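Residue strings, one per chain:
2 protein chains.
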Amino acid sequence: MALNLDLIGQKTEPIPFTYDADRVILYALGVGAGVEELDFVYEKNLKVLPTFAAIPASLPFLKVTKGARVNVPKALHMEQKIVLFDRIPTSGTIFTTGVIKAIYDKRDKGAFINVLTESKDENGHPLFENHVAVVDRSAGNFGGDRGPKVEAINPPEGARPDFHVQYATWSNQHALYRLSGDKNPLHIDPEFARIGGMDRPILHGLCTLGFAARAILHSVCGNEPTRLKSISARFTGVVYPGDILVIEGWSSGQGRYVFQTKTQDGRIVLGSSLAEVA
Amino acid sequence: MALNLDLIGQKTEPIPFTYDADRVILYALGVGAGVEELDFVYEKNLKVLPTFAAIPASLPFLKVTKGARVNVPKALHMEQKIVLFDRIPTSGTIFTTGVIKAIYDKRDKGAFINVLTESKDENGHPLFENHVAVVDRSAGNFGGDRGPKVEAINPPEGARPDFHVQYATWSNQHALYRLSGDKNPLHIDPEFARIGGMDRPILHGLCTLGFAARAILHSVCGNEPTRLKSISARFTGVVYPGDILVIEGWSSGQGRYVFQTKTQDGRIVLGSSLAEVA
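So the sequences go chain by chain: R and D.
So in our numbering, spot 119 of the first sequence is number 119, and the numbers just go up one at a time.
One gets our numbering by counting positions in the second sequence from 1 and adding 278 to each.
Bear in mind the hints are in silico, worked out from the structure with no lab data behind them.
Given the structure is predicted, the values throughout are model-derived calculations rather than measurements.
Subject to a maximum C-alpha distance of 30 angstroms in a straight line, what follows is the list of computed DSS-like cross-link-like pairs (lysine-lysine):
1) D:322 to R:74
2) R:44 to D:344
3) D:341 to R:44
4) R:66 to R:183
Taking beta-carbon pairs under 10 angstroms as the criterion, some of the chain R residues facing chain D (in silico):
5) 25
6) 36
7) 44
8) 175
9) 178
10) 179
11) 183
Note that the Cβ used here is the ideal one computed from N, Cα and C, for glycine as well.
Generate the whole structure from the sequences, applying the supplied hints.
Structure (structure tokens):
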């Protein structure tokens, strides 16, 4: 079925997402935080991980992509950028709009869909944005604009990283992370994973991004979530639950860090990654 | 403050507990189930672990013990017996009454409080009971009945166990388990644990019981929850997150298994334990 291009630019109503401290903690455990980062997993002095921003964005994202007739279960999550304007509350209701910013015709590669979600607190105060890029490989060649060429962001060749963090993912990381909302069976169902060409269920890309953001938070933000202003990454490889993630970052000045996330075997799983830190 | 003995025998109204598949899965992960026991952590063919029965019992238990002026944060959980009448639904509302059955005066050892909770489904069909014994060490010597002497249940001396299962608890097992409801800071707050005389936060006794029940389920119930008719244990030792649990059981005929749970260093953490299997 052809994509519904008319939906481009049409913003949804604000969609509410109500949550409590338990939900914040569940997310933190889902992206590998633990008691050695107590403020992220205990309600006493609770802090919200910046990448929690991806959770309230999920419903508006699904609404606009389904509306545009994107084959969501078969679409591939390519890129995500989270821009943070303020501290994320530890509970309450967040209101998020979604809009398709552009659909590019990458011919045989498929259609690239760019979605923007904008989230505000109960008083209309902006909290964060998500910029999400997915590809629907079955929807190319619709005669549309090819879109701009995007340059990859690479670490400086041969330079030692300014930080290097290693995290082991848990063998049940995917089973835990999905309780934060993304129930795509690719991440739990062995049969479904095999049909998708994987050996077994894979970790959510946004879960890996959560691990990477923790590494940045602990390495260059002194554990203070509000110091992370933005984080972006391209999902370039599959992570299996139990894999070890190696996150390295290089300062490029003015609080900007190019970073890269590899698995234990050296495969880059998050490429073209940039964090902005205050 | 003296205990309110008048509350003995006074049953609460049925207290509702509403839950969904996510809650069931969260509990299963909390007691160490993982994707190798997929039916317990994936909604497709979801099964509910029998010890999930302890969760809806928690509010009624708190209501009657607080009503009796038991110093709940300082009370020690001594024993729990769960009796199962039918399959626990994977979602819905369960209605549970609570009643104090007896309060025994163990003199300087404190007051022993026996609580019974009874849970039914939305149609009034009995699902399970919890028999909970706690001790309030500050409340003895009130001039009451000492209560019956209870014999310890021990494995047959020198006999090889009929099953032997080893489970590693996760370093964040307590942080995950507490999301199922028991927020006692002893299980997450290092300061609180130190005040309580522990090196660090300890695992919930009911979490350890959940691990033990999984061992029984997988060893002698062919993974079918309805085959477990009852499980009871005495909490005899502290478990730290990350400890290894060794669960061994001995058949004593007619589907009865005496079992015992030790940590890696041989300390018995669940003693006087009995499971009845159909």
